[in-house]
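Student: One-letter residues, chain by chain:
2 protein chains.
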Amino acid sequence: MSKKLTTREDNYSNWYNELVGKADLAEHSEVRGCMVIKPHGFAIWEKMQRSLDDMFKETGHVNAYFPIFIPKSYFSKEASHVEGFAKECAVVTHYRLKTDPETGEVVVDETAKLEEELIVRPTSETIIWNTYKGWIQSYRDLPILVNQWANVVRWEMRTRLFLRTAEFLWQEGHTAHATKQEAISEAEQMLDVYATFAEEWMAMPVIKGVKTESERFAGALDTYCIEALMQDGKALQAGTSHFLGQNFAKAFDVKYVNKEGKEEYVWATSWGVSTRLIGGLIMTHSDDNGLVLPPKLAPIQVAIVPIYRSMEQLEQLQDKLKPLVAELKKRKISVVFDDDDNRKPGWKFAEYEMKGVPIRLAMGPRDLENNTIELARRDTLEKTNVSFENVADTVEGLLETIQSDMLAKARAYRDSNMHNADTWEEFTDIIANKGGFVSAHWDGTSETEEQIKQKTKATIRCIPLENKKESGKCILTGNPSEQRVLFAKAY
Amino acid sequence: MSKKLTTREDNYSNWYNELVGKADLAEHSEVRGCMVIKPHGFAIWEKMQRSLDDMFKETGHVNAYFPIFIPKSYFSKEASHVEGFAKECAVVTHYRLKTDPETGEVVVDETAKLEEELIVRPTSETIIWNTYKGWIQSYRDLPILVNQWANVVRWEMRTRLFLRTAEFLWQEGHTAHATKQEAISEAEQMLDVYATFAEEWMAMPVIKGVKTESERFAGALDTYCIEALMQDGKALQAGTSHFLGQNFAKAFDVKYVNKEGKEEYVWATSWGVSTRLIGGLIMTHSDDNGLVLPPKLAPIQVAIVPIYRSMEQLEQLQDKLKPLVAELKKRKISVVFDDDDNRKPGWKFAEYEMKGVPIRLAMGPRDLENNTIELARRDTLEKTNVSFENVADTVEGLLETIQSDMLAKARAYRDSNMHNADTWEEFTDIIANKGGFVSAHWDGTSETEEQIKQKTKATIRCIPLENKKESGKCILTGNPSEQRVLFAKAY
Ligand SMILES: [Zn+2]
Ligand SMILES: [Zn+2]
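Read top to bottom, the protein sequences are chains A and B.
If you're matching positions, the first sequence starts at 1 in the numbering used here and goes up one per residue.
If you're matching positions, the second sequence starts at 1001 in the numbering used here and goes up one per residue.
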């Protein structure tokens, strides 16, 4: 199997698909729309999970687990939610198979039909709020700050690995509060957690904003989001945090008695990120040679390859390098010492490059003599010979440098692809020819938003949280506008 | 809500159900057979997951993720597997709902019927081996040592929280090997990992053994298991590890080219433990006051309760106790300082007792004067006043003592409920009146095994791995036998 990728310039979409396969991140299964997350891809997800989970716990959240199945009737209880969610989903109708006595085939046992169909969760607001009803009586029971790590299913006809799949993995936070303001603060706090994670761990700069009404989550009063810019100039919604008001509390009749003894409906938020983040990570940093990973999320941070012709040379290199491996491990750096005799160094170099290992070290007999080692940076592809003395310090420092350089590079790209447009011509020209984010005035109506989408395929990604008020005229209708909003074509 | 439990002597089953509810571990959802794992229960599962996952990785395994849906036809491919697994399961037949224009109700869209039904995974051998076919060509691709943390569904009519639920959480390891011996060693190794985890983390002694043919996993050549004894004298199968031979490789046509260039079928194992372990943990240690947790798996290891009448006293206690909290955290001991003014100390004591917190510390104004602190051990219910000097050392040492005392106590109970029976009368008397494990001769036939089960409800839990050969006569038929096997009534 050739390890050569289509270049990004030739065909970004093919480049992406090939990279996901060749870097051993994921593959399509034979089950329509469902992916297999391969060990290297899953190891990245585990690193993401661990750091997000730590941040959730630091902000007072605990984990729990709710059923994968939701009775069909629950979806009818919150009117706007059913419109948004109850359509394309997996429906369980039977609970038994049997062997057909005539053909010997396995068939559905028609006598085992469920009275009420069960839906494989596309999101869990309904079943969780139905459960919270039993957990909440008084203000003493609030807030509830619960998160769930789970698989969810949304039937999709056109799928792309990580970016859009029928089944995906995610976390969904579901919180219950005594007051409106506390719920809003929670939704804002979790947006900040996501933004911090995106920038500090993924080295992916994001814009924090709020969605327009038409892009809002089904059942939310406000949807906050973080938006990132991919290398092809398209935006990616990387995480959302919803202020749900009292909609679900009213739908599932969840009230609490406040300190004054009065019954009130409970206030809610929900917030989530998914394996889609891995798609964003790939499209923020990777290059024509394969995956590029920020050190903080790299399952392998350093690969060390000995180069030898004889077993004697290998032994000398092992003696020299094993203490370095131990030293790096001691510093909590994840390192692979690859002396597998079945593969040649060139094969190994290409493999670690494809898989995005941030630092590769290689040492041969000449290096042994000179007491040097070859160091290759994955992000810049630079190679240097460095002194073997203090190489652990060099590596540790370089991992930090790579992490911050990657964020700086991604931020510079994003900033240079952030344009203002003041006329419809300018706007359509940028969307069609340059890509990136376009900051422009909009008259605030869903009709105009829809027309712009129809004409250009660009959507309003968000109204940035830190937006300055500025009067202007809508890019399409010329109607008055109070502020610019952020448009882009999006994944 | 009263926190008082039915006693174990009065009704063990009610005691269990009440404890699971009152210790906030889990509850039944409105979805038949599916449980909600509440934060305290889930926190225990997270601790189990973390330590098992570390052990899996130390033994060379990596995690991955496979689809939740399995095409119905896959189950027909391995003949014995379909018999054992394809029957009671959730069947997805449609992929869309719609709003009925007449009634406004949400209904299944009959036009969105799947060509082939999808089964919600009851276990993943079939879909994983169908995937491995694409991953394995040469001996260089072996072994594959993959584990998956996932939810699975087996339709159950009679459910009990943690012990038997339609949906449960588990891990399933699926490994592929070049040789038979390597696969057998892997299955044995993972059994050892489970036994170590049960004893060192859960403080639950187990017997390692192999299942008889009739109790074997569907598709396995050998099923290894660990069996524990609950307080009511019933056994619990706590984990299984299967040597699958080449059954799944043949069913899914998975071959590799060996070093000699010859094609061979791949050898397989699978192994799993589930949230059922939490049921085993409860029934090994807990008492009539609630949950008792071994320190290594306790989400909260130490609870500190200040006892005060005035805000001034509270402040003095906070000044005294906050440095202790910090010191315990520094030692990686998970500690709660509970100065919640909405609850009284008595309420808090009962709550931490119910939830199984291993050590509770309480300090009042008199203790402040004397420089002492009250220390309560959850496992023995002993209370002592100890010097505040070095209390962190005292606590740290005591956590270790509790962990080993709990294992010793459980082992003593298990050993004293391990009986030999040499006649049918003795056998039935022990099974009916004493419970526990009964070691007895059996003629090796499935017919006899089934008859014993019909007559006594006891099943052969396992043939212990470290069994001495000993000729004797079958307890039921009098036919010759080479060794004793272990009988018990079981969960
Ligand atoms: Zn510009
Ligand atoms: Zn005895």
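Hints are computed from structural coordinates only; laboratory data are not their basis.
The beta-carbon is built from N, C-alpha and C at its ideal position, and this holds for glycine as well.
Among these hints, one or two may not hold up.
[Claimed, not checked] If we take Cβ atoms under 7 Å as the criterion, some of the chain A residues that face chain B in the derived model are:
#1 A64
#2 I68
#3 F69
#4 S76
#5 E88
#6 V91
#7 W155
Student: Hint by hint, say whether it matches the structure.
Tutor: Each hint, compared with the structure:
1. A64: holds, 5 Å
2. I68: holds, 6 Å
3. F69: With a closest approach of 5 Å, the A:F69 hint holds.
4. S76: holds, 5 Å
5. E88: It holds, given that the least Cβ distance between A:E88 and chain B is near 6 Å, below 7 Å.
6. V91: holds, 4 Å
7. W155: holds, 4 Å
In this structure, every one of the numbered hints holds.
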